[in-house]
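Engineer: Line by line, the protein sequences are chains A and B. For the first sequence, our numbering assigns the number 70 to the initial residue and increments by one for each residue that follows. For the second sequence, our numbering assigns the number -11 to the initial residue and increments by one for each residue that follows.
Rather than coming from a laboratory, the hints here were simulated on the basis of the structure. Any given hint might turn out to be false.
What the hints assert, rightly or not - Negatives, chain A to chain B, calculated, CB over 10 Å:
#	residue
1	118
2	178
3	194
4	196
5	206
6	229
7	239
8	255
9	267
Stated by the list, open to error - Pulled a few chain B residues facing chain A out of the computed Cβ check, cut under 8 Å:
#	residue
10	58
11	61
12	65
13	73
14	114
Glycine included, C-beta positions come from ideal geometry on N, C-alpha and C.
What follows is the residue order along each chain.
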Amino acid sequence: MKKKGARKIWLSVLCIAASLTSLPLPLQGQAEPKEHRPLPEYKYETFHRQSNDPLSMQPDVKPGSDIPGYNKWDKWALMQVKVIDSTTRKPLENAEVVIAETGYRTKTDKHGFTQAFPAPIIRDPRFTETLARLHGQLTLLAYKNGYRDTICYNVRMNEGMTTTPEIWMFEIAPEHHRIEPYVYHYPTHHLFSVNLAEEFRSKSQPGAGPESPDR
Amino acid sequence: MRRYTFHLICALLLLGLAVQIFLASPEARAQTEQKIGQTPIPANILVAIRESKPGGDPNPRGQILYVQSMPFKTYIRNVLPNEWLPNWEAESLKAGAMAVKMFAWYHVLNPVTIDNQRFAVDNTTNFQIYREGTSMPRTDAALDETMQLAFVKKDDTIFELNYRAGYPNSPNFQYRNAQKMAQHGSQYLAHRQNKNMLQILQVYYEGRKLVKIP
């Protein structure tokens, strides 16, 4: 008799526990979402941009005769370089920046910036015109007393806008030996690489396939 | 019969617990899509920095060197010029700015854990290409003009606004079915067909809308 009563209690406890576990657990720290009314659609309109608008394309730059190589290349745009200390990340004043292709040299101000100056857009003659037209490449050098000389290869020059590359310089420490220039290869834009691979693709090597949305 | 009732209830109990653990776990709930207006624009983002290839490009298969927290705006400013060509048409750049921002926002809300490191995005084509110190005035302006806008689902849900390179000189309509924007396609539509940012986005992402962030 006692055994039967105990079993009944066990059964009811188990039934209650089973029904409780099937209920969703309230999660800690997760508040019930507020009632949300969908926002109205924004009426987007384009507008005419003035020539000084930062998104407007700049007119062609014609370098003066004081710029070395002014008659050597046909396409030019503006460039403004910023030089910073790679350890402190602070701007470096009075660093000398040189464009290797033209020999043009300039210095940075107290904010680490050079003035905006004309620089050529030299399209790589190794590639076809459509590919080379994406951007030009320049080599920049930076010098400052007490710092390693720095060379930046393949700096991308873009037509119709001001290119603003940063050069990071490393301070020379007493424990440094064999102090040679610090070299940085500006990475190729990924769209240039994608286009280059596509240009020489044969039909027998479709890769991801022309219709693949993952390409 | 009564002998088996006990076992049956025990089995039900275990089943209930399994449901609680696997279906109602916080991880599963974390994937719940969030709506614009219910979550603020992120202040910071966790970016995993992967080791670079010998040539200097970040390697999508490289080891994670460290995870860096940075201001959200700084991150997207240093992504756009590496994903879109900075001298493309203004409306193409703005469509790119919107894609870069919404992609990053979605991943801030849905972080991943890889190699025991929790982060929103890495600095490679696994997510979006991020390089420190590469922001440019023109791409910054495109971001500034779209900063207060968001491109979301009709019910305001933030979704992963994904994109791929596509082919030059083509609208790349094949990407519409996959709900991905073609980067080259955005430039084609802006340059050749004079389409604006919203029209470009609507070509690739159907049933979405542009809203002002409250």
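Engineer: Now tell me if each hint is right for this structure.
Structural biologist: Okay, the hints, checked on the actual structure:
1. 118: 7 Å, violated
2. 178: 17 Å, holds
3. 194: 20 Å, holds
4. 196: 14 Å, holds
5. 206: 14 Å, holds
6. 229: Residue 229 (chain A) is in fact no farther than 10 Å from some Cβ atom of chain B, at 5 Å.
7. 239: Consistent with the label, residue 239 (chain A) stays out of reach of chain B, its closest Cβ about 15 Å off (over 10 Å).
8. 255: 8 Å, violated
9. 267: Its Cβ does come within 10 Å of chain B, the nearest being 7 Å, so this is violated.
10. 58: 13 Å, violated
11. 61: Constraint on residue 61 (chain B) not satisfied, violated at 16 Å.
12. 65: Check failed: Cβ of residue 65 (chain B) comes no nearer than 12 Å to chain A, outside 8 Å.
13. 73: 6 Å, holds
14. 114: 12 Å, violated
When held up to the earlier numbered hints, the structure conflicts with 1, 6, 8, 9, 10, 11, 12, 14 and fits the remainder.
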